[in-house]
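Since chain R is already given, all that's left is putting chain P on it; use the hints.
Residue numbers (the numbering used here), protein chains in the order written: chain R, 1 to 636; chain P, 1 to 636.
Among the hints, a few may not be true.
Cβ pair distances, simulated, as ranges [claimed, not checked]:
1. P/296 x R/173: 45 to 55 Å
2. R/179 x P/184: 17 to 27 Å
3. R/181 x P/11: 44 to 54 Å
4. R/73 x P/10: 53 to 63 Å
5. R/132 x P/177: 14 to 24 Å
Per the computed footprint, the stretches of chain P lying under chain R, defined by three or more beta-carbons under 8 Å from a beta-carbon of chain R, are [claimed, not checked]:
6. 189-196
7. 466-472
Think of the hints as simulated: they come from the structure by calculation, not from any bench.
Positions of the beta carbon are idealized from the N, C-alpha and C atoms, including for glycine.
Single-letter residue listing:
There are 2 protein chains.
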Amino acid sequence: MNAPDRLDPAKFAELLALTREPFPASRKAYLRGRLHPDLRVPVRDIALSNGEAVSVYDTSGPYTDAGASIDVRRGLEALRAPWIAARGDTEAYAGRAPQSLDDGTRDEAHARLAALRLEAAGLQRTPRRARPGANVTQMHYARRGIVTPEMEYVAIRENGRREWMADYLGDTTREQRLAGNPMGAQIPRIITPEFVRDEVARGRAIIPANINHPEIEPMAIGRNFLVKINANIGNSAVTSSIDEEVEKLVWAIRWGADNVMDLSTGRNIHTTRDWIVRNSPVPIGTVPIYQALEKVGGVAEDLTWEIFRDTLIEQAEQGVDYFTIHAGVRLAYIHLTAGRRTGIVSRGGSIMAKWCITHHKESFLYTHFEDICDIMKQYDVSFSLGDGLRPGSGADANDEAQFAELRTLGELTQVAWKHDVQTMIEGPGHVPMHMIQANMVEQLKHCHEAPFYTLGPLTIDIAPGYDHIASAIGAAMIGWFGTAMLCHVTPKEHLGLPDRDDVKAGIIAYKIAAHAADVAKGHPSARARDDALSKARFEFRWSDQFNLSLDPDTARDFHDETLPKDSSKEAHFCSMCGPKFCSMKITQDVRDYAARRGVSEEVALQQGLREKSAEFRDAGGEFYIPIRPVTGATSS
Amino acid sequence: MNAPDRLDPAKFAELLALTREPFPASRKAYLRGRLHPDLRVPVRDIALSNGEAVSVYDTSGPYTDAGASIDVRRGLEALRAPWIAARGDTEAYAGRAPQSLDDGTRDEAHARLAALRLEAAGLQRTPRRARPGANVTQMHYARRGIVTPEMEYVAIRENGRREWMADYLGDTTREQRLAGNPMGAQIPRIITPEFVRDEVARGRAIIPANINHPEIEPMAIGRNFLVKINANIGNSAVTSSIDEEVEKLVWAIRWGADNVMDLSTGRNIHTTRDWIVRNSPVPIGTVPIYQALEKVGGVAEDLTWEIFRDTLIEQAEQGVDYFTIHAGVRLAYIHLTAGRRTGIVSRGGSIMAKWCITHHKESFLYTHFEDICDIMKQYDVSFSLGDGLRPGSGADANDEAQFAELRTLGELTQVAWKHDVQTMIEGPGHVPMHMIQANMVEQLKHCHEAPFYTLGPLTIDIAPGYDHIASAIGAAMIGWFGTAMLCHVTPKEHLGLPDRDDVKAGIIAYKIAAHAADVAKGHPSARARDDALSKARFEFRWSDQFNLSLDPDTARDFHDETLPKDSSKEAHFCSMCGPKFCSMKITQDVRDYAARRGVSEEVALQQGLREKSAEFRDAGGEFYIPIRPVTGATSS
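For reference, chain R alone in the conformation it holds in the complex:
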């Protein structure tokens, strides 16, 4: 059942070439910084057939830059290295000695592991950490009033190119009608570097950016920014190989993953992570307890603080940007799950519950929380405080176990902030629609506006095979209500491990949810792309419609199934109504008509008809209303 450690190199190269292909009609461009002129913030410019250009947020990193040379055996360029060096508060050091146990194997498999590690040799970096007494978190800088390059990068990235958007959003009446409902968010028209700093300082946003992951293109997670999505990758005890995971990473960011979590649980965890982190332009999160558990042979009760601590340092040195830590699974809450329909479904939560009840002791994650903070701030690893007691079914939603843990996560947030450690809070899970808002309300109340990061939530339980849809509904809603990042759910959720297509399906579903949330909450750079696509649709610019969509390949393929000729892409009809009749065409007649007759005449006419209609109702008579053209109206 186990997969090989490595794919056939030719197959890997082929897959990677595919995922590196630039998007149709698209060109990667870079926006410059003002405070930090060396910043090069990526956007994807889409050239439309009518001469317009539309520019969109781009998570795909250098992979879609035709000019970038990539060697996955050497990793990406360390673009943040000079920024980190310039701050002068870190030092290189020897780092922790590698152990074969880090890769979950004992001596017997050593030869194979040695060969694997040799292949990853080009990916080794000398780790850095804070100089003694220093704190290198973005939150620490922010609170001291420093606008870091990372913060300006984020500001530029959130704004995007606003010039082209003005053409779409210029209609004041329309924009008033469509004004978002921010549900308490406070999103300025223009995101300034100072605004980013302020959001990070008050803990309302995080910029996950381990100093040992200088390859990232910084991004922010916070309620007053674009809603982000996370994709999970990772091998497991059952299947998948290292190369597949790297390819999945590149594939995931191609389709829009803002963050990737490596949830590996099987063999070669350490080495897989080297490959992933060194090749990732997006922040990488992990659940360190997974690896710690591998180190104790899968026996939860054998876990110790020392093994866990060592694993944190191991991963921090490698450059992991945020850790999921289930420190809210306290001994006293565990019995609250006993009557649940589906008990504890978080893997990390289960591990800690098992540990707590076996020893009948408070969780070492909770008791050592400040020790963990001390590690986090030396590398700027962010907390993702795990919801180990999240509901695993609608039946268990919003119960006392879940909310007791949430309140504890709120307490821990304040402890983390005392250390200037960036923190976000994980959330459910499975929640019926009408109970979603309570999750956001409770989180805001108890966690002091620290960013919320939810898994879905799934709104129903009867859709295995389609849980990306069942959960995109909940994700869109909770995103609108204030959740800052949505963890994708793939169609394979509850059934098996996602493959490449599943990861893409999950990501697209979540891009939809996140974008729906951005439009609803009124993020100023969200809606223009919808308008550009709608205009292209209305004008039968088929290729533009495809190229502006979240997945141009699929849109084009679906169109071509019905109307395979290239010429039909310029045709002024769509396949639904056929060439003889088209509703879009008729609208042009309506416009000509309105222009010819003058809108004010129409208004007068309408007025007349309304009066007639009232007469008619009063008379209780015939339904037919004779039309009398209204004279004397002028066109406006």
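Just chain P, lined up with the frame of chain R:
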């Protein structure tokens, strides 16, 4: 580009056999009536591996009944015929003489058409209509206090088998926590036939049931019932054949379509409809203006009331259960669309707009609305008042054109109700999330609680290829808010004509949305299935999990991709965590632990920890809290 009129018969038979296969571990059963003992209301009983049986709503008709013999060339059994006859208010009559123009062809194609019609000869029925002066609508009966067999059928169907649900919904604390938020709906715990009558009488629900469609299994569309979904089929000028449409119908109801609309616009419209109606156990809707347009060669301005009226009678005689009529597209509203991003996107709306502006006259659908009512009540065809001015993009959502039309639909509803004609109202379309609720509020306000029937709405515009997801988000929300029926959107929306797989994908997405809405609004027969599946999931009863899902085939296939062995379906681990470690397994330990220690002791312990925690906060000191077992507690 044109497809053949008929599929290869062998291929058709093969397809149909596939769609007739009973669902795994499922048996069709029938519930008996009490007021009308001859009623046989279908349910699907799913046998679980632990001996339990779960019974679910079943739209698939006799096709999934292994005992039913089906001949698509003769049509289904006319189960309502005796009920209609017993009422004694209808008469058989010769009906309208068939014309070749009904199938959109002129003389030149006559031979081919004759052959086609010969094949459909076994599907011809003598039409019935109301005796002179009679009104045969369900609303008319309801208002006279008559509980028809159709109404009792609906009541039984909405309740389902409540016995098994009691086992799942028996926990009072849990049910209180999960109590739905009905958003103004008034759903009783048990749906009685009298309740159905009352809902139909006051216009809050409809039972689409043309007396010339005696083959249907009655169902209700209304805010206080389960949320229904509609699937669209229909050939077009560009592609598809008659058999494909019939097979699509059977396929659509297999996956849960409660209604099907035949939106054919191409050749053989009349004959295709014979096939569809005669083989459909679900209500069939059409947009008669589509066929009328074919009769005038696609030239909208050549339409006349006489041609339209003749088409209504033609379709009413065939047994169409509801007509979409765009009578709210009034001359005076048309100019309101001139400044829109995407003008008029409803095909029917465009046709009428074109007619109105060409003649500069009020729409004949509006002026002849009472004449239309006179036809509807002779056959019990329900109105689906079309939203011809619905927005075609988020940019046009909730604008004056849309709401002006909605108010007119409200006026027309009252006219229809004056004639006791059953009526529902169509709604958008494209609406950003934060603007969805206003649609429901306006509809309830202006349309007097007549059932709302929406197309999505799509929450964003940038997801062509995935609009089933972009719209399922909006559909779930508006369903929760009170929409009674959701028109599915397939992945091919905006791009091409859906094939079989697309229709299924759209239906499943909409079953998810409808079910999410039912759970949220607290329909008493909604949530138990989720609980049954969650319990199966928790107990690693894999096959039960698949069989309880909306699409057992896909769930099973996805599982088998990762864990192909049959034995693993009984395995107490899932493919995500592997055999060594499993969160579900740990939960059992938690339960044992809680049971062993006694829950009340735990509560006391928790209390102690909370006090400790408060002490700790007050002291501002160490984080570690020593555990002191609380003595003296008794187990409950």
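Against the structure, the hints:
| no. | hint | result |
| --- | --- | --- |
| 1 | P/296 x R/173: 45 to 55 Å | 38 Å, violated |
| 2 | R/179 x P/184: 17 to 27 Å | 26 Å, holds |
| 3 | R/181 x P/11: 44 to 54 Å | 51 Å, holds |
| 4 | R/73 x P/10: 53 to 63 Å | 55 Å, holds |
| 5 | R/132 x P/177: 14 to 24 Å | 51 Å, violated |
| 6 | 189-196 | violated (count 0) |
| 7 | 466-472 | holds (count 5) |
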